[in-house]
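Read off the chains here:
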Amino acid sequence: MTEDHDRAEDGGSGDSYDGARNRPPRSDGGTAEEPAAGGSRADGGTTSASGTVAERLPGAPLEEARDALADTDRRLLDAVVYGLYAVAMLFFAFPVLWIVSASVRPQGELLTFPFRFIPQEVSLTAYQRVFREGMVTWLFNSTVITLVGVGSIIAVSVPAAYAFSRFRFRGRRQLLGLVLLFQMISSIIIIVPLYSVMTTLGLIETRVGLILLYVGIQTPFSIWLLKGYFDTIPEELDYAARIDGCNRLQTLRHVLLRPIAPGIAVVAIFNTVFLWSEFVLAYTVLGSERSLYTISIGVYEFQSQFGNDWRAIAAASVVGMLPLVTVFIALQRYFVKGLIKGSLKGE
Amino acid sequence: MATAGEDDSVESGIGRVTDLVGRLIDNPLPWLLPTLAALAVFQLYPLVEAVRLSLTNEVLTATGTEFVGLENYVDLFTSTGFWQMVSVTAVFAVSSIALHTLFGLILALAIDYGVRRGLRGHLTTRVSVLLAWIVPGVIIGLIWKVMLVESQLGAVNYLLGTVSIGPVPFRSDPTLALVSTIIAGTWRGTAFAMIMIYGGLQRIPQRLYEAARIDGAGRWARFRHVTLPQLKPVLFVTIVLVTIYALNTFDLIFALTNGGPGQATEVFALFMYRKAFTDYALGEGAAVAVVLLGINLLLTVVYLYAFDIGAEI
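Chains as they are written, first to last, in the working numbering: chain G, -17 to 329; chain Y, 426 to 738.
Isolated chain Y (complex conformation) (with noise of 0.2 Å):
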C-alpha cells in the first residue's frame, strides 16, 4: 500500500515537472533566449561601444579619455589619407564586382552548357574553381605572394620571363600591387558569384527556351532575350553582395601587402585596423568602423529592397 502511494506521488511529481516543462516551452523565449543573449553581447554591445568610442579621444596606450563629439568624424573628413583610402577601396570594389560577376556568369554559363551536353570536365572545373574559394584568406594571400615574388621563384615573374618580361614589381609598384590584390581577390571570390549565378540558371523554366526556339530565336537571342532577363534578379543580389564583400576585405590584402606600399592598397578595413592599432588611436578608428557601418547598413537596405524579404518574414 505504502510503495504503491509513493509510486503514485513520485509519478505525479514527474507529471508536474512536464507539465511545467511543457508550458515553459510552449512560450517562444526560452526557445530563443541563447540566440538573444549572444546577439546582445557579441554584436548589439560592440556596436553601441563603436559609436561611443568615436565620440572620444581614446587611445589604446593611455588612460583618460574625454567625449570630443563628432571631432573624430571632421577630422577623419578633411584628411587625405582618408580620401585616398577611399579611392583605392572603389577601384578595387568596382573591379570586383565587374572581374567576380563576369567571370562567375561565364564559368556558370560554360558549366551549365557542358552539364546539359555531358562534356567532360565541366566537374572539375567547379571543383578547381571552388576549392579557391575555401583556402583561408591569410593563406590565399601568402599563395599569391608567393606566386608573385620578384624573382623566378614567383611562378607568374618566371612564365613572364621565359618570354622575355620582367621581372615585374608586382607587389612593391603601387598600382601593380592593387593589380595584385584584385587578381587574388577574383581568384577566391569568383567561386561564390558562379554558384550564385548556376544556381539562378537553374531556375529559369525550360519552356521559355522552347517558346524562344519555336519563334526562331537563335542562341544569341536565346540568351539576350530569355536568359539575361531571367538571370536579373539573381545578377543584383549577386552584385550587391559582392560589393558588401569587397568592402570588408581584410585578410587577403593584410597578408599580400598588408595596405602597401605606403597606402597603395589600404582599404577601408585595413584603415581602420591601422588607425586603431598601429596608431592606437581607438577614437578615430572606432570613427572610420562607424562609417563602414554605415555603408554596410545602406547596401543591406538596398539588397532586402531587390529580395523583397518582407514577404519573406
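Pulled out of the complex, with its shape left as it was, chain G reads as follows (with noise of 0.2 Å):
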C-alpha cells in the first residue's frame, strides 16, 4: 500500500512520528507552496520544521504537499491496523488459550464465580484422566501413521513429479489432468464406499490400510507441487549429468533432489499437519479397534463418552493440538513461504 522510502525514512522503528518530524523539506514544502493544508492540520508535528527551503526537491511541491497531508492520514491508518491486529489476536489465540487455562483448573474452579483467565491454583488431574483413557496410545498410533504416511507420499510422489516434469509421453496431459482431478474432489465422498473397499481388499481395522489409502489421497496435491519444483529447474542441468555418465535415477538422486528439497518440506509440513488431523477416514478404516485410534478419534470418544467433564476434554484438546502447534511455531516461516508457493495449486 505505501511505497519503499516509507520503510527507508521510517527506519523500521516503527514509530511513525518521529519519521515525519525528521522530515523538514516535506513540511516546509507544505507550509509554503499550500499554507492552508499546513495550516488547519490539528497536530503541530508536520509544521514544526521551517526554513530547510534549499533541500526542497524542485519542481515536486505538489506531491510533497500530499505526503505531508498523508503523514497525518498515515498515523491514523497505523492505529486502526494495530487496532485489527488486537481484535485479530483476540479472536484467534483466545480460543486456543482459554482451553489451555480450562485445562490445568482444579476440579470445581470452573464454576466458581468469578470467573478468572488465570486459574488461582494449577491441577494436572484432568491429564491424569485423560492419559489414564489411553493418551499415549492415541498419540503412538497418530506419530507412527503421520510418520510413515508422510514418507509413503514423498517416496510415491517424488519420482511421479519427475516423470510429469521430465518426461514427454502419450497421454501425459489427461493422466496430469486426471490427477488434478483427484485433487480437487473431497475424500469425504468415498467414506460411504470406504468399508466395503477396505474389507474387499483386506485392509480393514489395520494401521497399513489407513496408510496406504492416505497415500492414494494426499499424492495427488504432492505431485503437482514437487511438478512446479521440477519445473524451475533447466534441463541443461540433466543433460550434463547424463554426459557425466548418470542414468536417470542417479540424477534424480545426486543433481535433482538438493534443488526440489524446499518443496519436500513444503509436501512435508502440509501432509503432516494433513494426517495428524484427519478423522472422518481414519475413524471410517480403523473401526471399533480401540488399539488403533488415533488422536483426532480418541479425543472424540473420549467426549462422547465424559461429555460433561470440560476439563478433561479440554486437556484432551491440548494434547492433540499441541504437537502440531509446537511443530507450527518452530518451522513458521519455512510454513507460510510454502503456503504462498503451493496456494496456487488448490489446498
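Do not rely on the hints blindly, as some may be mistaken.
[Said to hold, decoys possible] Under 7 Å between C-beta atoms, here's a sample of chain G residues computed to sit facing chain Y:
id, residue
1, Val126
2, Ile171
3, Val174
4, Ala296
Worth flagging that the hints you see were computed from the coordinates, not collected in a lab.
We put the CB at the ideal spot given by N, CA and C, even for glycine.
Join these two chains into a complex; the hints should help.
Rendered as C-alpha cells:
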C-alpha cells in the first residue's frame, strides 16, 4: 500500500511520529506552497520544521504537500491497523489460550464466581484422567501413521513428479489432468463405499490400510506441488549429468534432489498437518478397534463418553494439538513461504 | 588368468544389469507405477463403487441387494430432509465464503501494511490466525463446544453475562447453532484466505502504485483501482476453493453439534454420513455421495477455467 521510501525513512522503528518529524523538506513544502493545508492541521508535528527550503526537491511541491497531508492520514491508519491486530489476536488466540486455562484448573474452579482467566491454582488431574483413558496409545498411533504416511507419500510422489516434469509421453496431459481432478475432489465422498472397499482389500481395521489410503488421497496434491519445483530446474542440468554418465535415477539423486528439497519440505509439512488431524477416513477404516485409535478419534470418543467433564475435554484437546502447534511455531516462516507457493495449486 | 576372466564376467554382468535398469528407467512407466496403483485402488475404485452402490438398495446390516436403478435419487430429491439439508448447506457455504474472504482480505491488507511500515505485531497476528488453522478439525469443534457452553464456564456466555446478556443457548437453538458452526468455521478458515490473498498482494508490481501516485490517486483510489483489480484472479480462485472446502466440511460440525439440534446444522457430508452409517442405508448414502461428487466436479471445472490450467500442463 505504501511506497518503499516510507520504510527507509522510518528506519523500521515503527514510530511514525519521529519519521514525520524528521522530514523537514516535505513539511516545509506543504506550508510554503499550500499554507491552508499546513495551517489547518490539528497536530503541529509536521509544521514544526521550517526554513530548510534549500533541501526541497525542485519541481515537486504538490507531491510534497500531498505527502505531508498523508502523514496524518498514515498515523490514523497505523492506529486502525494496530486495532485490527488486537482484535484478530483476541479472536484467534483466545480460544486456544482459554482451553489451556480450562484444562489446568482444579475440579470445580470452572464453576466458581467470578470466573478468572488465569486459574487460582494449577491442577493436572484432568491430564491424568486423559492419559488413563489411553492418550499414550493415541499419540503413538498418530505418530506412527503420520511418520510412515508422510514418508510413503513423498516416496511415491517424487518419482511421479519427476516423470511428469521430465518425460514427454502420450497421454501425459490427460493423466496430469486426472491427477488434478483427484486433488480437487474431496475425500469425504468416498466414505460411504470405503468400508466395503477396505474389507474387500483385507485392509479394514489396519494401520497399513489407513496409510495406503492416505497415500492414494494425498499424492495428487504432492505431485502437483513437486512438479512445480522440478519445472523450475533447467533441463540442461539433467543433460550435463547424463554426459557425466549418470542414469536418470542417479541424476535425480545427485543433481535434482537438492534443488527440490524446499518443495519436499513443504509437502512434508502439509501432509503432516493433514495426517495428524484427519478424522473421518480414520474413523471409518479403523472402526471400533480401540488399540488403533488416532488422536482425533481418541479425543472424539473420549468426549462422547465423558460429555460433561469439560476440564478433561479441554486437556485432551490441548494434548491433541500440542505436537502440531509446537512444530508449526518452530517452522512458521517456512510454513508461510510454502503456503504462498503452494496456494495456487489448490488446498 | 582365471580370476581376471571371472572379474570380466562379473563386471559385464553388472554392466548388463545397469544397462537393463538404465533402459527401464528411461521409460516413464516405472516412475509412475506406484502413483497409478494408489490412485486406481484408493480413488477411482471407491468412486466407481459409490456410483454402483447408489443404484442398489444395499443396507449395511442386511444381505441380498438388488439393482433399483435411479430409485435412490428419486427418493432423495422428493424428500423434505434433503432440501432442508441443502438450504442449511447453502447458508453455511455462503456465509463461510463471505466471512473467510472478507476477514482474509482485511487481515492480508493489514499485515502487508504492517510489514511495509515496520509496525509491531504483524508477525504475532499472522501466527495467531494460522494457529487456528492447524488445530485438528475435531479439536476445533470441541474448543468451540467448550467456549460456547451455556453456563459461565463457557467463556462467551460468561463475557456476555458481564454485560447482562444471556445465557445464550448457542448449541440448542437451531438458528444459533448454525451461527456457531459458521463462527467456528470462520475461526479455522480465515487463515487460508488470508494467506492466498497475502500471496496475491506480493505479486502486484510496485510500479503500478507509483504510477497511480503520480496520477494523484489517494489511498482509497489506489486500493480501488490498483489493488482490487490486480487481486481479482486470486480472489476468484480463493472463493472457488473456499466454496469446495465449505461444501465438504465434516469433522468440525460433527464434533461441535453433530448436525443438531434436529437437522439444523446438518450439512451435505453429515447428511450423507447419517444416511449411510446411522440409518444403515448405504444405497441412499451413496446417492448423496454421487450428488456431492457432481457438485465437486462442477466447481473443479470452474476452478480450472479460472486458473487456465491448460497452459500449465
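Chain Y contact restraint for G/Ile171 - C-beta distance below 7 Å: Constraint on G/Ile171 satisfied, holds at 5 Å.
Hinted contact G/Ala296 with chain Y - closest CB pair below 7 Å: OK, holds: G/Ala296 within 7 Å of chain Y, min 6 Å.
Chain Y contact restraint for G/Val126 - C-beta distance below 7 Å: 17 Å, violated
Should the interface hint for G/Val174 be scored as holding, given a Cβ-Cβ cut-off of 7 Å against chain Y? 4 Å, holds
Going through the hint list in order, the structure does not satisfy hint 1, though it satisfies all others.
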